[in-house]
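Chains D and P are the protein sequences, given in the same order.
Note that the numbering used here numbers the first sequence so that position 94 is 94, with each residue one more than the last.
Note that the numbering used here numbers the second sequence so that position 51 is 51, with each residue one more than the last.
Honestly, the hints are just simulated from the structure, not real lab data.
Each residue gets a CB set at the ideal place from its N, CA and C atoms; glycine is no exception.
Check before you lean on any hint, since a few could be wrong.
[What the hints assert, rightly or not] Chain P is nowhere near these chain D residues, computed Cβ spacing over 10 Å in every case: (1) Gln196; (2) Glu204; (3) Arg268; (4) Val353; (5) Ala445.
[Unchecked claim] Some but not every residue of chain D turned toward chain P, in silico, with C-beta under 8 Å: (6) Ile49; (7) Ala267; (8) Ala272; (9) Ile278; (10) Val279; (11) Leu280; (12) Gly282; (13) Leu289; (14) Glu292; (15) Glu293; (16) Asn294.
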Amino acid sequence: MNIIILGAGQVGSTVATELAKEESNEITVIDTNQQILSDLQDRLDLRTICGNGSYPGLLEDAGADDADMLIALTNSDEINMIACQIASSLFHTPTKIARIRSPEYLGRPGLFAEESIPVDVMISPESLVTDYIYHLIEHPSALQVLDFAEGRAQLVAVKAYDDGLLVGHELRTTTEHLKGIDMRVAAIFREGQSIQPSADCVIEAGDEVFFLSAREHIPKVISEMRKLDKPNKRIMLAGGGNIGGQLAARMEHDYQVKVIEAYPARARELSAMLDSAIVLLGDAANPDLLQEENIESMDVFCALTNDDEANILSSMLAKRMGARKVMSLINRPAYVDLVESGLIDIAISPHQVTIGALLAHIRRGDVVAVHALRRGSAEAIEAIAHGDKTSSKVVGRTIEEIKLPEGARISAIVRGDEVIIAHHDTVIESEDHVILFLTNKKKIAEVEKLFQVGITYF
Amino acid sequence: MQPLVILRILGLLMLLSSCTLLPPIATGLIYGDGAVLPFVEAFVLTLVSGFLLYLPVRKHRNELRLRDGFLVVVLFWTVLGVAGGLPIYLSKVQDISITDSVFESISGITTTGATVIVGIDELPHSLLLYRQELQWLGGMGIIVLAVAVLPMLGVGGMQLFRAETPGPVKDTKLTPRITETAKALWYIYLGLTIACLLAYWAAGMSFFDAMSHSFSTVAIGGFSTHDASIGYFDSTAIQFVAIVFMLMSGINFAIHFTAFRNRSLKPYRRDAEFRTYILVLFVVSIVTVGYLQLTKTFDSTAESVIEGLFQVVSIGTTTGYTTADYYTWPGFLPVLLLYVSFIGGCSGSTGGGIKVIRILLLVKQGVRELRRLVHPNAQFAVKIGRKAMPEKVIEAVWGFFAAYFAISALMILMLMATGLDQETAFSAVAACLNNLGPGLGEVGRNFASINDTAKWILCVAMLLGRLEIFTLLVLFSPAFWRK
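Use the sequences and the hints to build the structure in full.
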């Protein structure tokens, strides 16, 4: 695929890195900063062009005429939109993806229609991360919550404790405990090592268990692994930037929210924007401030500033001072492994969250979501099956009959509103959302092919 | 300061205001009540003095500046208030004195509705209509009218407009052009008046009474064509009509405008000031009716409800109609009602008082101070609806509040110095500064019995109240006059 990427910032670079790994892609990156481009070119096999990405001449130079896709990821919503417009009007680029952050634009569905501003897919990293954290706060015991089929099925990661019903038992006994509730354990981590979740596998205290189930059954299933935590009520957010502000606005009516913001101007803005949330002006790593605001009775402390080190340190401090659960936004992948499950309960990597959503749109064969599991152990893929038994490699076949690549497993199917946990004799129908797990990232392309429809379908 | 430009505008405004004497003349001719002459004399006097002001300086067509605006507004209201007493004085009814004529005129034009005339029922129709008309013109503001009909005021119109319209935030225009905004306001005003007239008429008033009372209802004035005010009609239907239209006129006209343009009631529901306004009147009504019922002031529950409600709305919106002698009501009720009149109507309405939005801001500011004590590091915004108010507005409201009470305290002392008792002094100041009308004690029914000095002090209080204190007070600051 011929892909043009505008903007080589954090998200842009990561997307370029991911895409360049696949040999079938030809990638051109446009940015105004030559330094970043040079670094990128040294590292990866791609072309870079320095300049303003919304200029038609520059897009032409980048090969917009025969590009299959434009991904506009610059800092500016407006540049991203106009670049998509130009790509569509002058170069007829088939697929246009833009990063749009401002809720002002996102709230108007008619705006991005083909005849007005032709953007096929909008990516808003802030909203994605906000959703991600919101889910974690909704499910107090979960370490990770991923949505499939618009939230009908969810993948949840929990840490198993002695007080869980299933702990110390073989996995096959789950059916006895959970009457009428179907779930599937997708992965288990023990002391940093991945374990194949076979039927006779015994769950031990301290394991991280990933399971998939219908949304409404999640709390019941969590209680198999551990005693359910009390629902979260008091939340403290450190950092009131885009993510902190959005999150506070979304939670303030259901939770008691406090936001700590260091810049007076932004704090005033936040206090004008928020209704019942309390905006505190100060340093999140100041123990006196935390004490004053009852850190010891906080259910969740969330560090959401731009600064990894500050996030980690303030989270550690909050944990030490008595916050029940601490989460931290961490950009550098190296830090994530360093701190997670040790000093900090949950490390959130905004890139992983964003890239997953973005890559899903780049995948062919109706792949709707690609999520990286915690610790990057596996990929969860959601794909839609189309066609019939002759044109498709999956439709009309039972799970056993499908030739999956090595290390891939089909875990569940979402058919309409129903979530079906896959068994060896389950038959896949057309329009099913199929949820797979994949331990080897390189096999994603094979999964894509599996879900592509043969020529006869059209 | 541009004295010649100010004189020109003042002359123009005088010319315009002389026209307001024509309807009473027509009324006098229709009813043949023999009181036409004083109006003709006053008309000629105003017209001539307007011309004398205007003609020599008519070439000075500079734009008005901010300071000129204040001066024009204050001068005009003062001159108009005094000149408005002319026909009343010339009519020689009941040998009325100059003081009383001016008091009556200013009370009319500031929509206060306090009267010094006893035996209103015997006055000629022309004079009755004139008093009501004064209130009607003063309600929306005669300068707003001038801005609407005299396009040559141009940009300077905004300065005048700002100095005259009530409320803490005055830069919100309904339409991009100030002239159109003024017109829109007057159309709504006119529409409300006509609706009110028809409703009164349908409820059983004579056409003349319906018109007269619609003028003073929509202007939140309180003048009546009878000594017994609305009580004269002794009709629940009329009381009900009055309640509805007093309530409507106490709402910000900008909301009426938006609601009318969008053909929906949503703007009302969304407006925090409107909700507070209704809430305050509702709570006070319940307290009042409950207490009236408890003390068995009225014979039946129905009477308690309608009288209580009517009086709360009438005093709360600062109209000042009476049906019962509310000043003889038991216990704390009369003082409670006077306190409510301090809150008054919404900003941008014809009501007086401090205005609901300011009270709302003060309460929210108070709550903020409380929360600040608990969270010393927190940032709190004072919000009206979903919008945070700028600190500047809150400071201005505090300043206004302080000035309002300082002035009323000072005036109470001055009135007591002239020999009034404390209750009368307090209620007279409250009634005049809030543009309410009737007070308690000696001034419960009318202001006829108090001394002349007190009347002049109260005239100033009424003007201060109508022009929201600072517009008038700024003229007394040295900074205003410095070049």
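Contradicted hints - numbers only: 3, 6 and 16
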